[in-house]
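Chains as they are written, first to last, in the working numbering: chain A, 1 to 181; chain B, 1 to 291.
It is possible that part of the hints are untrue.
Stated by the list, open to error - Restraint-style ranges between C-beta atoms, simulated for each label pair:
#1 A:Glu149 / B:Glu177: 38 to 48 Å
#2 A:Gln180 / B:Gln284: 21 to 31 Å
#3 A:Arg22 / B:Asp206: 53 to 63 Å
#4 B:Glu27 / A:Cys66: 21 to 31 Å
#5 A:Arg173 / B:Ser240: 15 to 25 Å
Treat the hints as calculated values from the structure; they're not laboratory data. Since the model is a prediction, treat every value here as computed from it, not as a measurement. Beta carbons are placed, not taken as given, at the ideal position from N, Cα and C, and that holds for glycine.
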Amino acid sequence: MSSDRVRATPARVPARRKRRLREPQSTMTIQFMVNGETVERTVEVRKTLADFLREDLGLTGTHLGCEHGVCGACTVLLNGEPVRSCLLFAVQAAGAAIETVESLAPGDALHPVQTAFREHHGLQCGFCTPGFLMSAVALLRDHTVPTDEQILETLGGHLCRCTGYQGIVEAVRAAARTWQR
Amino acid sequence: MKPAPFRYVAPRSVDETLALLAEHGAEGKILAGGQSLVPLLNMRLARPQVIVDINGIRSLAYIRRKDDHLHVGALTRQRAVEESATVRRQMPLLGEAIRFVGHPQIRTRGTVGGSLAHADPSAELPAVAAALDAELVVRSPSGERALSPGEFFAGYLTTALEPTDLLTEIRFPLLPERTGTAFVEVARRHGDFALVGVAAVVRRSDGTIAEARLAFTGVGPGPVRARGAEGRLAGSAGTSRVFADAAREAAARLDPESDIHATAQYRRDVAATLARRALELAWQRSGGRSR
Chain A
1 MSSDRVRATP ARVPARRKRR LREPQSTMTI QFMVNGETVE RTVEVRKTLA DFLREDLGLT
61 GTHLGCEHGV CGACTVLLNG EPVRSCLLFA VQAAGAAIET VESLAPGDAL HPVQTAFREH
121 HGLQCGFCTP GFLMSAVALL RDHTVPTDEQ ILETLGGHLC RCTGYQGIVE AVRAAARTWQ
181 R
Chain B
1 MKPAPFRYVA PRSVDETLAL LAEHGAEGKI LAGGQSLVPL LNMRLARPQV IVDINGIRSL
61 AYIRRKDDHL HVGALTRQRA VEESATVRRQ MPLLGEAIRF VGHPQIRTRG TVGGSLAHAD
121 PSAELPAVAA ALDAELVVRS PSGERALSPG EFFAGYLTTA LEPTDLLTEI RFPLLPERTG
181 TAFVEVARRH GDFALVGVAA VVRRSDGTIA EARLAFTGVG PGPVRARGAE GRLAGSAGTS
241 RVFADAAREA AARLDPESDI HATAQYRRDV AATLARRALE LAWQRSGGRS R
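In isolation and in its complexed conformation, chain B is listed as follows:
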């Protein structure tokens, strides 16, 4: 299998990348880990004229805690996130979810920024970014801007990124004490894209839910935050009944598509069950220190 002919360039810096993107405009395409783009090229579903390979920009691969955020460079390999003690300690939701992304042999190449910029509707990381209220840092010829997940994800395989933009960093706000998180997913086989995935964040104050966040993947054109259910959970007692009701309410508002893998109704049912499990797990984990 051969991709259609293209020309290739491997810039060594962010500035050089931006200059190349500006020069080649909509004909150019950024190649990061390539685990989604190269299949599209191999199958000739995508035919960019110019591939701008950013894998040589070492300065875009890092995981560091600074002030009250975890900063992850866009070119950080998913495998590095998975193996990072900093991630395990500071942002366990990210580490838990990333193990659902493909397989180890995919995660050695796949990048955090690439997965977000590709914006597959069943991908795990967009839901994680949504649940954690991450900031997506974008560089363009005119400067730098930070987008919320709501601003960044614009629909099916679509983001707010312009052809001249480069996603450079993802900033995850550190979670306060007594906050628990969980990521659960159902896929036909482990490593496949999710039928449904759920990310939950729950902060407790004694027996009460101080704050809850719930984000779904696989049930819409992009990640879906369940704001209504989140509002109802805040201030409620952390009981199984409360979590089950909130999960059902959140799932009922979803509008998933049917495809060969699952009907819309099945996805909604799975979403309700997974949301309940994710909330309960996050609640259990909120017991001690921020986990």
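The following block holds chain A by itself, in its conformation from the complex:
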């Protein structure tokens, strides 16, 4: 997916002249992959990736809780790694591959990790769930049989005010068993 790497280019500016210092921009046109599709948009540089996904692309599955990196609800995958989309500007994702929670179940069938969350009471209100899911998916891609320590380390980067966490831990353990990778 990362073969489409494209450099961020300033909007409405003619081709860069060599040896001139790059000019800071207020808006830029960026191109990157979101859930497998190439996206090109002109965005204000101060727009976070989270706001961009929600407002410009309508991908409202990514939730915003604290907006300063603590709660983990906005976690998405950037080139396969979990990151806080509230602490990244959309322009910084130029050339990258982004995966959001919408990519997990493209049709009617839930992703095995989602199924495990449902079956093990891994969610109640669901606000924090998109972030938990993306971190869990990244963990389980890297470790088919994660240790409890690895699971707790990963989930420690997320807050949930409903479940008391035990159901989430159980769901990730179960997903490691059921997800055929």
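Assemble chain B onto chain A, guided by the hints.
Frame of chain A, contents of chain B only:
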């Protein structure tokens, strides 16, 4: 939440970064991993005019052993340090401490240089740099200079970096044989900033402490080296009593602040306990090869 408007530029080289910093001066702000800066922007506690995003400078991200130092590029992600076999082998203190920095989802973006340049008084890496006598390599339009932690850290969220400077590399001197290290920390929750953190380095000569270094975080405006206690430890026998006395002495000289998380006295008490544990652990680890 929206940061106040700014203009953005993403240079591709160190030279281009320096030129941009020189052009925009105090109005410019370097964006590395963004895990401290972006919250400040989102909350509008910081309102730089120009953001200079250095994430595209691949040449600033590396971990390599060269001669008698471990060289870490300033843009190296904390996650890369955590997963590095070289770090585990050559500089285990760095690998041990970095797991206390935020969470995995933070460390995938957060950088070594960013954490040092931000200089949060409760951050782990400044104490590690202090305990390891790291050299902080800074590039400016007039050239390159290497600063000791004592020169680099200038107080609360403050370093010797000028607006036209870029921290490019951190050099950790490799530790001699029979040296053990340890990092311990107490935080309200794992991943939070430390109430108190301690880095210890102990080199042994049979049953005697040849050299000891102790650095605290969370108890002052920046990392604090306990030089007095270090001096007393050198040449002493490596006994629990000696470590406990040194830890108490070091903690008694600290002047931490009280805040909503802990009183100054509580921090001092925690510092004494953690210093003892860190010294004993480092001593145990100094038994075999340099660990």
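Violations among the numbered hints, reported as their numbers in ascending order:
1, 2, 5
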